[in-house]
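> Start from chain A and add chain B according to the hints.
Protein chains in written order, with my numbering: chain A, 1 to 206; chain B, 1001 to 1128.
Keep in mind that the hints were calculated from the coordinates and are not lab data. Some clues are possibly wrong.
Sample of chain A residues lacking proximity to chain B, with all beta carbon distances greater than 12 Å (derived) [said to hold, decoys possible]:
no.: 1; residue: L9
no.: 2; residue: A32
no.: 3; residue: S62
no.: 4; residue: L166
With a straight-line cut-off of 25 Å between C-alpha atoms, the simulated BS3-like cross-links for lysine-lysine are [unchecked claim]:
no.: 5; chain 1: A; residue 1: K18; chain 2: A; residue 2: K157
no.: 6; chain 1: A; residue 1: K96; chain 2: A; residue 2: K157
no.: 7; chain 1: A; residue 1: K122; chain 2: B; residue 2: K1120
no.: 8; chain 1: A; residue 1: K169; chain 2: A; residue 2: K125
no.: 9; chain 1: A; residue 1: K125; chain 2: A; residue 2: K170
no.: 10; chain 1: A; residue 1: K118; chain 2: B; residue 2: K1017
no.: 11; chain 1: A; residue 1: K66; chain 2: A; residue 2: K14
no.: 12; chain 1: B; residue 1: K1092; chain 2: A; residue 2: K170
no.: 13; chain 1: A; residue 1: K122; chain 2: B; residue 2: K1092
no.: 14; chain 1: A; residue 1: K23; chain 2: A; residue 2: K164
no.: 15; chain 1: A; residue 1: K118; chain 2: A; residue 2: K169
no.: 16; chain 1: A; residue 1: K52; chain 2: A; residue 2: K122
Backbone N, C-alpha and C fix where the C-beta goes; we use that ideal spot for every residue, glycine too.
Each chain, letter by letter, is given below.
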Amino acid sequence: MKLDVAHILDWMEKANDKIQQNKTYLTSLDQAIGDGDHGINMARGFQEVIGKISASDYSNVSDLLKDISMTLLSKVGGASGPLYGTAFLKMSMALKDSDSVDYPQFVHAMEEALQGIKQRGKAEKGEKTLVDVWETLLEQLKEQDDFDSVRFEETAKLAMESTKELEAKKGRAAYLRERSIGHLDPGSVSSYYIFSSLSDVVKESV
Amino acid sequence: MNVMSKVGIVLVSHSSKVVAGIKDIISQMVPNVSVALAGGTEEDSIGTSIDKIQQAVEEVYNEQGVLIFYDIGSAKMNAEIAVEISEHDNLKVVEAPILEGAFVAAVEAGMGKSIEEVVKAAENASQI
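In isolation and in its complexed conformation, chain A is listed as follows (with noise of 0.2 Å):
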């Protein structure tokens, strides 16, 4: 697997379309649990990075996922404007100056982003939050040696499904304690978009 700024700019539009697409579903979730306004911001966020990076010229990954990470702290707002942008400004450091990622770099890109949230968030696995799905996903890439699409999907689709019956120890939903059982966790839900769109593109392109 190889990763260029193509298979990025179409990764982004792909989550765009599951996001417009699911974002009355995901602000019934956060209503639930939350603030009830996951959907719309990350509605409104993902398409400013769509129309950022769509006129934009990009020579090396980096500097793409740089704009993706800048757009969406400025415009996502709520708890996942920085949870995101921060994973996709390490996401952005970790690979520095790379005109293509291989699967080496893809994880160990993942291993940034996802150091980056939780240090950002307070956060561990286990506490309802998107890090049970970035987490879980990490864990099942350092098993492999390449992108297994299929795995990765039902992976995410997995740890998203897993954080139904947890307790929230973090986030808006942590001060519902155990009412926060029950409800899928709605930044885990975005997540297990993003990773999904991710999961399309490579399996388009191989």
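Chain B only, in chain A's frame:
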């Protein structure tokens, strides 16, 4: 160093009304401190905005430094990012209740205390 300059204060809240209200309370007792506001999103709905925080920091920045107080959720994360990407190094996000902390900080800053002294007082705000 300019002896007239005092530690600046930035208030970050999900609501522009919250920060305006806190500033009103502070101004009644401490008229001579710089307090800048970063309440709500760019569209002035509920949320926080890193751009607003950066602007607020610039508004009150001086060589004595700036302290940032925050409320819930994204407020702290955005405040931390603003500090990390700023070119100034004497900015600090303070771990204290936004109203009580900023109030105590404003009183201390108004007396010309250093940023370290102001932080210490604000962190102990609930003891007063």
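> For every hint, state whether the structure bears it out.
The hints, checked one at a time:
Remark: the non-interface label on L9(A) is consistent with the geometry, its nearest Cβ contact in chain B lying 25 Å away (cut-off 12 Å). At roughly 16 Å from the closest C-beta of chain B, the C-beta of A32(A) stays outside 12 Å, upholding its exclusion from the interface. Distance to chain B confirms S62(A) as a non-interface residue, since its nearest Cβ pair spans about 17 Å, more than 12 Å. Against chain B, the non-interface label of L166(A) holds: every CB pair exceeds 12 Å, the least being about 19 Å.
For the hint pairing K18(A) with K157(A), the CA-to-CA distance comes to about 14 Å; that is within 25 Å, so the pair holds. The straight-line distance between the Cα atoms of K96(A) and K157(A) is roughly 30 Å, outside the 25 Å bound, and the hint therefore fails. For the hint pairing K122(A) with K1120(B), the CA-to-CA distance comes to about 23 Å; that is within 25 Å, so the pair holds. For a cut-off of 25 Å, the pair hint linking K169(A) to K125(A) stands: about 10 Å separates their Cα positions.
Simply put, K125(A) and K170(A) have alpha-carbon atoms about 10 Å apart, close enough for the 25 Å limit, and the pair holds. Restraint check: the Cα-Cα separation between K118(A) and K1017(B) comes to about 31 Å, which exceeds 25 Å; the hinted pair is violated. At most 25 Å may separate the alpha-carbon atoms for a hinted pair to count; K66(A) and K14(A) meet this at roughly 18 Å. Restraint check: the Cα-Cα separation between K1092(B) and K170(A) comes to about 23 Å, which is no more than 25 Å; the hinted pair holds.
A threshold of 25 Å between alpha carbons decides the hint, and for K122(A) with K1092(B) the separation of about 18 Å falls inside it, so the pair holds. Using a Cα cut-off of 25 Å, the hinted pair K23(A) and K164(A) holds, with the two alpha carbons roughly 19 Å apart. Distance hint between K118(A) and K169(A) is fulfilled; the C-alpha atoms sit about 13 Å from each other, no more than 25 Å. With a CA separation close to 30 Å, the supplied pair K52(A) and K122(A) exceeds the 25 Å bound.
Figure legend: structure checked against the earlier numbered hints; hints not met, in rising order: 6, 10 and 16.
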